[in-house]
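Chains A and B, in that order, are what the protein sequence lines are.
Residue numbers for the first sequence follow our numbering, so the first one is 4 and each next one is one higher.
Residue numbers for the second sequence follow our numbering, so the first one is 1416 and each next one is one higher.
Honestly, I wouldn't trust all of these hints.
Listed next, the stretches of chain B that the computed footprint assigns to chain A, with coverage defined by at least 3 CB atoms under 8 Å from CB atoms of chain A [what the hints assert, rightly or not]:
#	segment
1	1463–1472
2	1525–1537
Cβ-to-Cβ under 7 Å is the rule here; a few derived chain B residues that face chain A [stated by the list, open to error]:
#	residue
3	1417
4	1419
5	1421
6	1422
7	1423
8	1426
9	1435
10	1449
11	1451
12	1459
13	1499
14	1502
15	1503
16	1510
17	1519
18	1522
Keep in mind that the hints were calculated from the coordinates and are not lab data.
All of these numbers come straight from a predicted model, not from anything done at the bench.
Note that the Cβ used here is the ideal one computed from N, Cα and C, for glycine as well.
Residue-level listing of the chains:
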Amino acid sequence: MTGRGLLIGEDEVSLFSGEVHYWRLDPKDWGTVLDAVRWLGFMFVATYVPWAEHEIAEGRYDFSGRLDIERFLGLVHERGMYALVRPGPDCASELTTSGWSRRVLDDPRTQARRSNGDPYILVTPTSWVFAPSYASKVFLGEVARWYDEIVPRLAALQYPNGPVVACQVDNEMGYHFQANSYALDYHPDALAEYRDFLASKYSDPSSMSEAYGFEVGSFHDAQPPVDGRDGPEAKRTDWVEWRERHLIGAIGRLSAMARDRGIHVPITHNDYPRMTTPMNPTGLERSGAVDVAAGDVYAPKEGASYVREFARFLSGTSRLPFLAEMGAGFITVPWLLPMKVQPADEEAIDVRAFCCGVKAANVYMLVERDRWYSSPITERGELRPNATLYRRLTELKGRLFPLARWAPALLLENRAEARKDAALDIAGTAVQSFPPMLPLDHRLFRFSSGAGVKRYEQWDKELAAELQKGGIDYDRASTATLPDLSPYEVVIVPAFDQLDKAVVDALKAAAGRGVRIVAGPESGGMTGDEIEVISDPSMLGPFLPAPRFVCDNQNIELHLFQGEQDILAALNNGAEQEAGTIRAGEAFGLEGVWEHESLRGEGSVDVALRPWAVQVWKVMA
Amino acid sequence: MIHPDLRVHDLHPEGTAHLQGLFGSRQWNRREIQVLHASGRVVNALDTASGILEDFAERIDDPQAEADRLLEKTGAGRVIIVDADLLDGFASSLPEIAKKNPGQAELLWAANEAFWNHPAVVTSPAPVTPEWPRVAQRLQVVGERFTVVVAIYKEGEPYCDFMATVEQGLLTEVTSSLGMRPWWKSHDDLIAAVEERGPVPIAVACEQSALDDLFASPDAVSALANLPNHPAVHFTRGFELLFEEDRR
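Next up, chain B with everything else stripped away, as it sits in the complex (with noise of 0.2 Å):
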């Protein structure tokens, strides 16, 4: 999905800020129960709010019990148990994957997947099966090279845009309009001089306050499979391309 030469040059600063904290509460603001045990016995088991959880049983007889116990009882948004003397095997198969997978994303996916499906791991609730795979798999027949334009308006004004290139199913560069001043009054003055240069068959047209319901949904890619049906949406283009079988 990522090209490993990809480019990311002459963003908007402000809108790529906001960009940043989204991606980054997504990543780490999400409250789990882990626990590692061998073979039974717990080895540490931690609270990832609050850290370390020093009473906690010595012992996990049933993992799953356990686990959809702890779900329940302590509110978090996940808990996962896995055990230590088994976890060996799974990042055994990690170099083999990364032969076979030379790309980054789908490295990660690959290395959760095994995770997720490795008898060492149980967790409460199942695990989300992921859907970027799919999404890029349909990049890759959207068409051999193509833009992607967001143009993103802050209370009805044109407030910043990012543009991405993808060629091969590979996004090779992310920039921003800086360079084709005057500033854009409308998204369609913004898609037309970018068509200018090449197709672009996926646009959006939207609120920031849009982008930020998209980041704060559990499921990011039903929310972005749904983003043309977000009141704060002004246009979409090609969606259906991306997700012509979520919607089916």
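The following block holds chain A by itself, in its conformation from the complex (with noise of 0.2 Å):
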């Protein structure tokens, strides 16, 4: 694995591949498929490989027929592709059970479980299931057979004696898709787990007690918080720390399942889009748990500014920003939940990703299936008009590859402001996984202090938009583990309250390294020369660098990508026609890449893109 794409034998591939599920395709129409995959320019396909699927009875598995996913492989192995497995145990993938094996669901003891002791019902595209524990001996157990049915076969057909280059443990894992910090996970194993936690955190009772205000008789007598007006706000944020630990700590153990069994090739996971806590991408690398810690997105074009964000934050805290599930069509069970995504929309969206820092993208479904239409590939292998926009965007990927994003500044998430505010979740024992079971906004489910909590948001918008003003790309990541800093010329941190000790001596040695530190409107705990603090978002602008090219125009975004041949991409965000002129100290031209739109000035050139639309091109002298 590389910082842009996978290393193959002796070369450096660019990671971008389609998702294609075998099972639900007619065998005798696999290897038409593949051809047309392999016909819109991608290499690699990825595939779930459903425990509920293969799993006829406790101990009983079946792998022919249209279940044959060795006999798949091959067929990929033969087109010379490669492929990304993902053998669950959840899949989504609008499955029934979400791939786990219902018999095991139904088991108590795997079951998560809220604060007063109830499972935790997910409702799933067609059905619904008791969740599962990622902390449950028993549900681990269950999944140690799955993988010693599965792992094998796949580790079988790893490159080069088949085509598997990566593998993803589990999918989307973060509390099932349930944002409030007290709804799960209180299972006797994971309370355990968290018991162990506040044991390394504190070392002795006596310390946890001064921290809490009240005496704490053994780390084995302590009880979870379960609500955000439960205890000291230093209990609570430690739960809050702690599902981020389990979380970590979950994933490592699927990986290493995977490692015993067989699997060497790059471990990667996907959590779904957020950027906050209980996710910790960076942690989750640096234990070791993945190679690859990646997210999905599945957005309309009014989602451009937070699919440009989540780039920028995948930028920022992974060795290979990955979108390890980007949307192509849409789920066909609108009366759960319908997909506002059409395909007029992709585009906006695919290359807004790559514009904004994502290096490696699977297409989600690049093949349509059931429960699931309007891919650019049918079921029996056609393409439908949507798919020349695949064989233009792996064009466009290929041209970027080579390239490196001008990114010279870091925005950091202040996670320990977002513990605190994640820790006032409210009703956690009567949130539900889907809006028709509680028809109440899950916003209604925090408290709100009143006391400025929000202010860390406020700051990080503000400190944003100066960035933009600046005519500076940026990447987003989080103290929460800081990414290696050396790439970037400035970090900037909100900080209040003082930041953690490792987190000040890692900004501390950067600074050392000539890295320019900013925070506001506090030092954080961090003193000497070396950094600067503002006590106003508006202060930023003296502190960054001088792009090379500048729009008039704020509305457009311009992103830098350099290298042999340079490359230039504007972004409009917005629903309304933007036009501007682009300037830079020297003659330049633009000629098109992305739209055959050629542009020439002494020193600026006038642009004007539609409502959601990316232009790119090449920088000429």
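Both chains come to you apart, so use the hints to assemble them.
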């Protein structure tokens, strides 16, 4: 694995794949489908390998006919293509049980628990299940039995003996889409982990008693908080921090199971699109749990700004900014989950993701199937009209692959503040997995203290606006685990109280190596001439580098890729047509790459962008 | 109502996209005022159209009176006031409901009924009793296995169709007639072709605008029951099987 793709043999290869679900297709169409995938320029396919489909009874599995994954992967290999395999245990993928074995979910010992001991119900596209606890030893034992069966089959087909070049463990594990910090998981095995976490954090009960302001007899007796009003803030934020650690630990356990059974290719995991607690992608990679912490995004064009920020987050937090699921087509169970993504939106989202930091992606679904429609390729391998977009995208992706995106700034999330906010959730025993089960908006379930707990979000928003105003492309990351800071000229951190010592030490070390550190409104405990403290986000401008290209219309964003042939991209993230003038301190021309519009001027060119459009040009001297 | 292993495949792309949009607009575009309090002390108040209401009152002493007042003052479609301290009991009933109702739709209906009837919840106007469970019950007596056909025209020209298979009262398959090329010239052709494979006791042929109106209606079941009278509907069959009592 490299920072921009995969090293396969001696070749560094751009990772751009398409999701194909072999078990949902007629095996006689597999070859035709794969040929269509290849024709669109994709060298990779990705597929879930669903436990619930293959397990026909306890301890008995079917790998014949449409479930013959080894034959399917053989056809991939024959075509010189590569495969990313995703053996779960959770596959989601609009399956009735999300891919888990229902036999296992019906065992109360495996079920995730609410604070009152109730099991947590997860509504799936056409059914519901009792969601599993990833701390449950019984559940993990059952996963081990599934891995015993499937992983050796996949391991035998790793490159060069087969097409498998990466393996994803589980899918969007983060508490079953539930954002409320107190909804789950209170399974006894999870609480044992929580108490172990407290013991490792405080070393002795008296330290914890001091932090909590009341006597803690022993770690064994520690009771978790159940609500945003329960106990001192330290107790609640410890719970939120443990939930982050639990995910890293659980994903790490699955990863170790896969390694133990022979997987030696890179291991990945994918979260659904969010940039804060309980997820910590950098920590997930740094712990060794996975090689790549990826993310998924399904968005209509109106979500363009979020996709841009999520791409920046992946770029700042992961070794390989990878969109493990980039939506194409839509789920067809609209009574539960009407997806608004239309084929016309896919161009706006996909090109934007590549221009804002994503370096690897998997199109989900490239080939349609039961419960999914309007993908570029039909179940029988026919191309739909929107397929040409993906051929063009593979070409664009190839063009950007050798280049480096100019992102001189890193904007950090203050995770300590985010934890305080998440710790204010309420009604954790009532919130549900899907809105129809509790017809109340999820925003209602967070205690609003009125004491400025959202100040860090306000600072983040205003700092981002200052970066945009200065024409600076940037990455995002979190103080939960800092990434390598050396690629950046400026690192910006909203600081209110004392930052963690490890964060302060890392920032000061970076400053010592010439990285400019800007904090505000407080210093966060950092001292020294190398740290700049600003009392207002509007003071950020003087600390930013000068961009090579600027546009006089703030609604047109520029993104520069540098290398043998520089590329400039312009984004319109709004619903109005935008026009502006791009200027540089030199004469330059722009030759259309994404749309065939070429422009030339003496230090400036006029551009116009349709609503939500992205334009990409080669920069000519 | 929905079989857990429901198959949804080979749908008409543009028609399906349009339906997705109609479903989406029903689910997420209703403006409501929602208030969460703890024994009278307001925890959070929200306008679903604009977000958290920062300057909301600190206490609610008479939730029903407050809901009625907010409904009139704000012009929202609904006001819901919930006591967080009493809400635990609501969630605790769900696992048992789930075990008794293996279907997803039945679980959602039961959860909704449990919510609206829970003492923690006050709403204005009063909640509407969902009619879909009654429609689902009637599906069970229409026949052992049958197909519902929906033929959609756009400005008088055949546009797309959807066919839903129902077995023992459960929806088991939804598809379009893409495999039946050449394309149908009138809904009679389509229905006749489907009938070659089994009974079609329920069918509708209408302009797309009739569906738009159906989804725009606040009471979708009543609107569906009255669909045969819609001026943009060309043909219906068997609606009395689903809505007989409503028409009496």
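* Could you tell me which of the hints above the structure violates, numbers in ascending order? => none
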